[in-house]
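4 protein chains.
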Amino acid sequence: MHFEHNDKTRAYMEQLTAFMAEHVAPAEHGYHHRNQQHEHADWRRWEVQPVINELKIKAREQGLWNLFLPDAELGAGLTTVEYAPLAEIMGRSLIAPEIFNCNAPDTGNMEVLYHFGSDQQKQNWLVPLLAGDIRSVFCMTEPDVASSDATNMQATIKEEGDEIVVQGRKWWSTGVGHPDAKFAIVMGVSLPEAKKHAQHSMVIVPLDAPGVEIERMLPAFGSYDAPYGHGEVSFNQVRVPKANLIGELGAGFAIAQGRLGPGRVHHCMRALGAAEKALELMIRRGMQRQAFGQPLIKLGGNQERIAEHRMAIDQARLYTLYAADKIDRLGVKHAMSEISGIKVVVPNVLQRVVDDAIQLHGGAGLSQDVPLTALFTLARALRLADGPDEVHRAMVARTELRHYMKGEGA
Amino acid sequence: MHFEHNDKTRAYMEQLTAFMAEHVAPAEHGYHHRNQQHEHADWRRWEVQPVINELKIKAREQGLWNLFLPDAELGAGLTTVEYAPLAEIMGRSLIAPEIFNCNAPDTGNMEVLYHFGSDQQKQNWLVPLLAGDIRSVFCMTEPDVASSDATNMQATIKEEGDEIVVQGRKWWSTGVGHPDAKFAIVMGVSLPEAKKHAQHSMVIVPLDAPGVEIERMLPAFGSYDAPYGHGEVSFNQVRVPKANLIGELGAGFAIAQGRLGPGRVHHCMRALGAAEKALELMIRRGMQRQAFGQPLIKLGGNQERIAEHRMAIDQARLYTLYAADKIDRLGVKHAMSEISGIKVVVPNVLQRVVDDAIQLHGGAGLSQDVPLTALFTLARALRLADGPDEVHRAMVARTELRHYMKGEGA
Amino acid sequence: MHFEHNDKTRAYMEQLTAFMAEHVAPAEHGYHHRNQQHEHADWRRWEVQPVINELKIKAREQGLWNLFLPDAELGAGLTTVEYAPLAEIMGRSLIAPEIFNCNAPDTGNMEVLYHFGSDQQKQNWLVPLLAGDIRSVFCMTEPDVASSDATNMQATIKEEGDEIVVQGRKWWSTGVGHPDAKFAIVMGVSLPEAKKHAQHSMVIVPLDAPGVEIERMLPAFGSYDAPYGHGEVSFNQVRVPKANLIGELGAGFAIAQGRLGPGRVHHCMRALGAAEKALELMIRRGMQRQAFGQPLIKLGGNQERIAEHRMAIDQARLYTLYAADKIDRLGVKHAMSEISGIKVVVPNVLQRVVDDAIQLHGGAGLSQDVPLTALFTLARALRLADGPDEVHRAMVARTELRHYMKGEGA
Amino acid sequence: MHFEHNDKTRAYMEQLTAFMAEHVAPAEHGYHHRNQQHEHADWRRWEVQPVINELKIKAREQGLWNLFLPDAELGAGLTTVEYAPLAEIMGRSLIAPEIFNCNAPDTGNMEVLYHFGSDQQKQNWLVPLLAGDIRSVFCMTEPDVASSDATNMQATIKEEGDEIVVQGRKWWSTGVGHPDAKFAIVMGVSLPEAKKHAQHSMVIVPLDAPGVEIERMLPAFGSYDAPYGHGEVSFNQVRVPKANLIGELGAGFAIAQGRLGPGRVHHCMRALGAAEKALELMIRRGMQRQAFGQPLIKLGGNQERIAEHRMAIDQARLYTLYAADKIDRLGVKHAMSEISGIKVVVPNVLQRVVDDAIQLHGGAGLSQDVPLTALFTLARALRLADGPDEVHRAMVARTELRHYMKGEGA
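Residue numbers (full-length UniProt numbering), protein chains in the order written: chain X, 1 to 410; chain E, 1 to 410; chain B, 1 to 410; chain Y, 1 to 410.
Here chain X stands alone, though its shape is the one from the complex:
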């Protein structure tokens, strides 16, 4: 039981914090200001702002690149628990993760290819992703069914001769609007007669394959998240070579599960960075503005709220690091309760902090003068993305009750 980060982690934390202060923070306001005007243009005209590519080069030069990848050569060789505080630091800015090539869904896709991809798949898709030259998409959720129950999935991935045929409709396919997005990893049903968790497959589909149609971009709370975007995509009898199949037919669930553990830790740690940012904005505003002869922060229950948020954030961080440590030591399968638990706790903490931060800002909190509504949208979307709160609470409960069914007691 030891709560200090090790020397390697601390060195990265310092370097990353310095980079954020020197390069990222000064770029933020201008970036978002320009983006607002861009955001509502036809997504086919979305562009990457030059500052992103400039900062990517700088980050890569400093070795702040692919830090999420546990491989020591391709990434930084960090464990989940070592990378976690770095994800938190990146999470303080909405543009930072991409700058360090550590943004979702590319990180998850890279992990899938790294762990389960064939050599050819790695060569074709992993290498350019690791270089930050292309971007990718993960297509899972569907518009016509409750995706919280994976057995509802309707998209199909069928073998036909030497080819794989993909048919279906996906949405909330994040990143599909990005000019550099080249392929999607698509999940679908291949073996409907097999056991529940052996029916699905994952396949790599280039976005320019015939039959791939990006129907529209979906706004979340009115925001399109340009130039990434969340797309609704139809796959109309899309044919790709069999070599694009990741692993075997029916292996989709197993791959997904391996992908999700560290990915959720990353999401949660970034969300905690966002929560710290929101709390900081809340406090600064509360100390600056005066009403009734006092700084706002001194009025009514504001200090109690600051305390509640500090306690909630600190607990949520420890819980996330604990989940990360369990993944590292025992593997994802033995950390299912915690992986689901943090997915419920952290976005809800973020939502509450941001909601109060908006409140203390008054009207400004609703506007784009501060990034609070963007952080709120992030929190609100995270409560649905990658499984709604309800599914994760059910997982935590199921794990808990299992102790008693075996007659073991707690």
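Just so you know, the hints here were simulated from the structure itself, not pulled from any lab data.
You may find that some hints are simply not true.
Result set (SDA-like, lysine to any residue): computed pairs, CA atoms no more than 20 angstroms apart in a straight line [as the list claims (entries may be wrong)]: (1) E:Lys196 - X:Gly293; (2) B:Lys298 - X:Gly293; (3) Y:Lys298 - E:Gly301; (4) X:Lys58 - X:Leu94; (5) X:Lys158 - X:Ala256; (6) E:Lys195 - E:Lys333; (7) E:Lys298 - X:Asp149; (8) B:Lys182 - B:Ile52; (9) B:Lys182 - B:Leu207; (10) Y:Lys56 - Y:His29; (11) B:Lys333 - E:Lys333; (12) B:Lys195 - B:Asn152; (13) E:Lys298 - B:Tyr404; (14) X:Lys8 - X:Leu94; (15) B:Lys298 - Y:Arg398; (16) B:Lys333 - B:Asp386; (17) B:Lys333 - E:Phe3; (18) B:Lys298 - Y:Val145; (19) B:Lys298 - Y:Ala150; (20) X:Lys298 - B:Gly301; (21) Y:Lys196 - B:Gly293; (22) B:Lys196 - Y:Gln290.
We have chain X; now place chains E, B and Y onto it with these hints.
The following block gives chains E, B and Y in isolation, referenced to the frame of chain X:
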């Protein structure tokens, strides 16, 4: 103690409900779809969709017009408590209030002019507002100070010879982007040496007066609320005739207070209509979608949440009607606790209902396929507009404690 | 829609308030002080303190007697909504309801006998209850099953010749420890083959009938509620004349339902009186005690809490009165959602108010120097008595969803 | 960052768990049953049940004794973080802590004497405490002032010649009713002119000193916690030798602060053990009882609640261990935010878990058939004892804001 609406009210409720079903509901989806594309254009190009004007004519023909105004000739002669359920019905649609000429801030401005305006002011501004020919703005909140404390106000309204000179900067001036918006009622400090509540004045400022500059439109959660808009407006030594002053110099607070009581009831009842709408969407979705072999509504705590929302909405409605009744019977001054209380309770109920409704919709809930994020934004903004929750809680507490300070007991 | 009590009600409210101030309040402290020592003695030695009987005589002389009973001759002829505010006033004191012969479970039993009893039953049991000469018990809940599901009930009520045989075990039989308790109304299964709601019967069982055994008194949070008590009672082949059956075999559920509507309103209004009392104690303490240079009430979020409680109590009261009005106008069957709704809302409001009141009192709040833990226990027990929160939330949800199943919409 | 307990800790955990299962659990029910009857007798007749002393001997033989004390010779040489999980295990039973000589307030008093006592004080008081031969009391809180603000303290500790004179009134003096209680450590004001935190002193007062009067025992939620008790004690010109002063005059605050850090960790870990116990009871009950054709645990939101409690407990435990680790590594002064934070978080988690556990038990939950109301009382009292929630939230907020006042940012 009698909880039924009277015959007059019930007749209006039926007629209005029928109009909503026949005319408003079918127009909604198309309206919002077209508006999304419009919304992010330069606000100077915003237009009113023809359907609104068509429906305004229909509504007026049916006598569903200016129902908010207690005057029997100019309006419908309804008391606050009689009008309240009509406001709730309108609140089920974001476009309905304007169709019936019952939308904020015009209703509040009309009430101010009706009660406090000179004959000339009524002729010039009230008559066309009542006819729905022009629109108006209310300028109160300022960007540079905490407006929750009215004594922070920096804008000035000074007498200079036969003129009134307005100087200052306002924001969240709702409706200022509308092509038909013709004037603003502006509040500012006139007599800084007077007692706290006798310093402010209200003056009518035509939007085309020299020195009025609409700097930008502010988005709330990314939405511009076109074609109304929430503007930031600077008043640079704007000169208007003294005849534009409403009441006397220093009368601003008294006028504002009279304006606020019924206005808050209207806001709250509309918000309750929105909450009912959100609850309806939540239930319908929960009954349609299946997961784990059951309709979503049957899973986990979903029915408990439905029950909690029903209980909260019903209580909040009764509380609002009670406040309305106190205003009607005893006057605004004797209903201060309730007027503040409903302002806290109702938007928070709406926010919670909508948040859960989004959750049950999954990803769709975040998108524009359903109006939930718009309703959420409405709720979130209402918790700040017209005094943040904290100020209203303080008012309720102050009223409560006053019983004890006088040594009266409860 | 009219929120004022009528003249008759207001007159009773004044008279009752005066009686409470003049006679009940001065007796309270001494009563509870003496009772604490009594409380943990063997319940067979419990006695009624003389002050109760003295005040009963005074109350009866003033006509403040049986106010709950809608019959104009036997009671005061008040409707549910007219009686409700009187129940609230009584609820401010834990000893008041009995003084006015308006305490549970006697009121519910009197209503059952009044509405469903035979002439002989009325003569034998209702007349002395109305006179306050005897007391009674209601035996429903059982220790061995989840009583929230009435179909779990195990006790049986069988016809054998001219007799009724009662067999089973009940607990939380409130009032069974009282020296004047003479009979119980017992519910049990008679017709297990009948439809779900036609299986149960109610029968009058004298407590001195052979086979009735009071096994023990149950403490709630350590308190025995002497001299009433909550007993565990076994009925071992208890035989009573058939004339003791209330209504017919199988009529138990129908009777119970009629009994519950007004009874829940009474419970809830008394609980609101208790909540007002707790809020008053909280405010008085907060104004008296000083810390960090200010009265406690001014510190941190205390005023926000006062405001939240005021808003919650006012809403809960309106909701309860609304339920009462629906019962009066439309009947219990058309007020099922509200009758369940208030049963959830009010005890939870009371629990929260008392919890905060305890907090503001510091250590004293936990002690018997103030009645707060007794009020807390009342709230906590009410969340279980007469159906746990969960069953009532389910009823509210079921009623809500039914609108949609019929395809009616909201 | 390493979340596993070390080998030494794990060995103790196993041994302690086995002892609890083998010796403590079987004794519990009988203990509490007997105690209920004892509880309300005159406290002067309270006795220690023989089983406690028998188990103390067994525990001591096994080396499960004074585990809280960091000294390797007198205790087990465990750090705060090493002892913490052992405190949690003990916390699953209300009688366990004393059996292992690890119960409050003796542990805190032993720590004070260990760190600050003179050799003579250690000989006279620490040695028999460590042997479990006597018990002790800590007298801090006062009935006449808000003790949340220590500067309100009225008791005085004055030097007069070779003696110390203690004058004042204390309450909630836990343990003072125990037949073996021999002395109290009393805090009072000595130097009213000194700086705020240099005014108070601590002195050892034998309970049989002339002028010490135990006025009464205070019940918490009706329970007297026999044979410990929470007493109201007056000190009427009580004279003790100067050698009884702990440290110097004016050193009271500094000593108190050193005492509080580890003590709060112990309290919180025991409370987490209690929360685990309550959750276990809730789940077991929910799996056994049936309603509406299913085990209760499957109904409505029950599984969500189980999940929420699991997530809350796990987070609270990590937070407490983190605080313990900061105390060990950096010292109490650098862990003030966390020491206050856990004091708020943990008792509130416990209260919520127990409240839901009571609810799932129905009426039984209120009775003494299960220990839930006792655990509830523990939680409720902990939210006041040793500083109310509000004072600790204020400490967390103050620490948070301090970062910004120094202009450092987060």
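Cross-check of the supplied hints:
no.: 1; hint: E:Lys196 - X:Gly293; verdict: holds, 14 angstroms
no.: 2; hint: B:Lys298 - X:Gly293; verdict: holds, 15 angstroms
no.: 3; hint: Y:Lys298 - E:Gly301; verdict: holds, 10 angstroms
no.: 4; hint: X:Lys58 - X:Leu94; verdict: holds, 18 angstroms
no.: 5; hint: X:Lys158 - X:Ala256; verdict: holds, 18 angstroms
no.: 6; hint: E:Lys195 - E:Lys333; verdict: holds, 19 angstroms
no.: 7; hint: E:Lys298 - X:Asp149; verdict: holds, 14 angstroms
no.: 8; hint: B:Lys182 - B:Ile52; verdict: holds, 18 angstroms
no.: 9; hint: B:Lys182 - B:Leu207; verdict: holds, 6 angstroms
no.: 10; hint: Y:Lys56 - Y:His29; verdict: holds, 18 angstroms
no.: 11; hint: B:Lys333 - E:Lys333; verdict: violated, 40 angstroms
no.: 12; hint: B:Lys195 - B:Asn152; verdict: holds, 14 angstroms
no.: 13; hint: E:Lys298 - B:Tyr404; verdict: holds, 14 angstroms
no.: 14; hint: X:Lys8 - X:Leu94; verdict: violated, 25 angstroms
no.: 15; hint: B:Lys298 - Y:Arg398; verdict: holds, 18 angstroms
no.: 16; hint: B:Lys333 - B:Asp386; verdict: holds, 17 angstroms
no.: 17; hint: B:Lys333 - E:Phe3; verdict: holds, 18 angstroms
no.: 18; hint: B:Lys298 - Y:Val145; verdict: holds, 16 angstroms
no.: 19; hint: B:Lys298 - Y:Ala150; verdict: holds, 18 angstroms
no.: 20; hint: X:Lys298 - B:Gly301; verdict: holds, 10 angstroms
no.: 21; hint: Y:Lys196 - B:Gly293; verdict: holds, 14 angstroms
no.: 22; hint: B:Lys196 - Y:Gln290; verdict: holds, 17 angstroms
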